[in-house]
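For the record, the sequence lines run as chains A, B and C.
According to the numbering used here, the first sequence is numbered sequentially starting from 1.
According to the numbering used here, the second sequence is numbered sequentially starting from 1.
According to the numbering used here, the third sequence is numbered sequentially starting from 1.
Hints are supplied without guarantee of correctness; some may be wrong.
Residues of chain C placed beyond 12 Å of chain A at every Cβ, according to the derived structure [what the hints assert, rightly or not]:
{"#": "1", "residue": "E105"}
{"#": "2", "residue": "R157"}
{"#": "3", "residue": "G203"}
{"#": "4", "residue": "G361"}
Covered, in the sense of this in silico footprint (three residues per stretch, anywhere, with C-beta under 8 Å from a C-beta of chain C), are these stretches of chain B [to be verified]:
{"#": "5", "stretch": "66 to 79"}
{"#": "6", "stretch": "82 to 89"}
{"#": "7", "stretch": "93 to 103"}
Simulated from the structure, these hints should not be mistaken for lab results.
All values derive from a computational prediction rather than experimental measurement.
All residues carry an ideal CB built from backbone N, CA and C; glycine is no exception.
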Amino acid sequence: MEIVMAVVIGILFMSATYLMLSKSILRIIIGTGLLSHGAHLLILTMGGLKRGSVPLLGESAGPYVDPLPQALILTAIVISFGVTSLFLVVAYRTYQELGTDNMDKLRGKESNE
Amino acid sequence: MKTNDIILQTVAKVASLVIILFSIYIFFGGHYSPGGGFVGGLLASGAIVLLLLAYDLKTVANMLPVDYKLVVAAGLLISSATVSGALFFDAPLMTHAYQYFELPLLGHTSLHTAVLFDLGVYLVVIGITMTIIQTIGESE
Amino acid sequence: MNNLVFLPVLLPLLTGIILIFFSKYIKIQRFLSLVSSSLGIILSCLLIGKVHDQGILALQVGSWEAPFGISIVADMLSSLLVLTTNIIGFAVLIYSFYSIGTGREKFYYYSFVQFLLVGVNGAFLTGDIFNLFVFFEVMLMSSYVLLVLGGTKAQLRESLKYILVNVISSALFVISVAYLYSVVGTLNMADISRRIAESGQPGIITVIAVSFLIVFGLKGAIFPLFYWLPGSYYAPPIPVIALFGALLTKVGVYAILRTFTLLFYHDQQYTHELLGILAIFTIIVGTIGAVGYWDIKKIIIYNIVIAVGMITFGISLMNEQGLSGAIYYTIHDMIIKAALFLLVGIMAMITGTSDLRKMGGLIQAYPYAAWTFFIAAISLAGIPPFSGFAGKLLLLEGAVEGEAYVGFAVILISSLLMLYSVMKIFINGFWGKPRAYKDADLVPVSRLAVPAALLVIVSIALGLGTEAIYPYISQAMEPLIDPAIYINAVLKE
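In isolation and in its complexed conformation, chain A is listed as follows (with noise of 0.2 Å):
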């Protein structure tokens, strides 16, 4: 299970290397959410994918897994998740205020700062 898990990491950092090296604004958003979404299946394999119950209250039986992975990830897609959203605001705003979203014409000249 564990070598699945890290060839889908590795696809999903792949295209997400491959989006943020183009030059269309949203692209590189979407490789953004694709890197973080890596790093979050990441951590959940790194935490040891076992068999187990649900870390909760009233679960008696048997063994349960290891909740602090969950809890890292949770935190994280959060975290992620506001970063995204602030980042597509001002990407769009760039994009009506600039009037482009390649950023080879976004580059800083020392004329235009």
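Got chain A; can you put chains B and C on it based on the hints?
Frame of chain A, contents of chains B and C only:
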């Protein structure tokens, strides 16, 4: 262009009410079973987004005349006030307390200070989601 | 049970939230943020006093026991940095009253300044590696908003790049934490340190250490990863640059200081050698930038890069003088950078440009601002008796003891060039023929100079009172040399 979406609008009214009720159920259920403030808040804002799809921004703003930024602030205030409440009881911050009560109608119930914190989360999630959607939606 | 430890985080958080409700009433916002900042300074002084008397204080948040819950830990280093942060926040707030403009003030400027302080203070005080990530994010989110607030073209353009760089480095942070967790199985920094010490830092931990170095290096702008800094710090208004320049990079440097002295100190041949080499390159690159530019903001921005190099060099030495030099230099640099940015902002506002070649002769009309700048400049370069001197002296002593003679030479030469770069501003900006500037009369220079002068006075006090301050610095340095002090304080209460 005027489209005839009377079916969507009628269904949306009923469905959003059901979704909000369900979100409240999920919110309270979150204590001992999957759920909680974050999911509940997302569900509730989903209901409002459904209304937005059926009507438009203005109509929904008239239906629910709320400044969502203040909802965020109120949520944050409730959560952080719960956190700092521990100051008055000489306990480390964020310490929570719970007790079982025999309430009329509900019977044997456990009441928990973490619910207050979760209520803040619920409000923050609704507020933030709606602020984002309104900000992006308005400029079209 | 030390709730005092968390109050420097809770206070700006509550203030920031309450300020959201008063977004239309600027006077109330100003008053509340000023009150909260002053309270913050008092609280952090109390914290320093308590840490001085009782040693390291730890708070187990939510009453969960140490390795399982989140610990908030105040040692002397964190407390000193929290105090410095609050002083800078106070000065920048006063400066903002007269320069930020009502548009920004109505759009939650003061709230986000408070949230930035929450993130910075939290990052200094936390004792949990994942919690460090969370406070980093709080700080970064506020910095995104402060950077883009106002929405000019340059700001929007630079924010995009700044957000992208930081999103990637945050993802790397999460990845590094995941690897570390899978190896040691805990997130409490004291517990991590104990477990790494038990296993004697195998190769995989060194790899993780380097990936943490990449993450913190990106935030702290060390050599190959500083490229985003000059552009992003150029765009926003002056008070925001002062906050960023004084606080944000220092948090990255603090994180390097904490992790490389508490966690990854077993393979110094590799990790600290790498850190030292990068630090020297950082100093060189920063010096080249500072000397080469004719733009006053750019010169000070490249001086940040130099300072980051100096501090990381001190960390890489890992001996008493080097580390106390790094701590002292961090505090000195935070204060003096904020002061320099505020002063340079006054110059840019009077002349309407930040190009040195288009200004001159300001000393005739504004002698006080000019001499304040002069003191700040020579203090930055490290001329005795000002505060830069003691820090550099300690660093140089450390370099001799660690036999790092290349670093020794680089620090000396770069100090000289730092002096040249800021004197270039003084000579070209304040001396020379006075010119006529259009909007010069509209700028409330005497009021704007007050917070800058305040910071310079703090810096002078830091320089003259080195003897009095040194016991605190050495108390801050002890847990860095001997991690057992930190571990015992957190895990066995």
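Hints versus structure:
For E105/C, the shortest C-beta to C-beta distance to chain A comes to about 20 Å, beyond the 12 Å cut-off, and the non-interface label holds. Distance check on R157/C: its Cβ comes as close as 5 Å (rounded) to a Cβ of chain A, failing to clear the 12 Å threshold; non-interface status is violated. Listed as a non-interface residue, G203/C keeps its Cβ farther than 12 Å from every Cβ of chain A; the least gap is roughly 17 Å. Residue-level check passed: G361/C sits 25 Å from the nearest beta carbon of chain A, beyond 12 Å.
For the stretch 66 to 79 of chain B, the proposed coverage by chain C is satisfied: 6 residues have a C-beta within less than 8 Å of a C-beta in that chain, meeting the threshold of three. Judged by the Cβ-Cβ criterion of 8 Å, the stretch 82 to 89 of chain B is covered by chain C as claimed, because 4 of its residues qualify and three suffice. Coverage of the stretch 93 to 103 of chain B by chain C holds [criterion: at least 3 residues with CB-CB distance below 8 Å; count 4].
Hint check: a violation occurs at hint 2 only; the rest are consistent with the structure.
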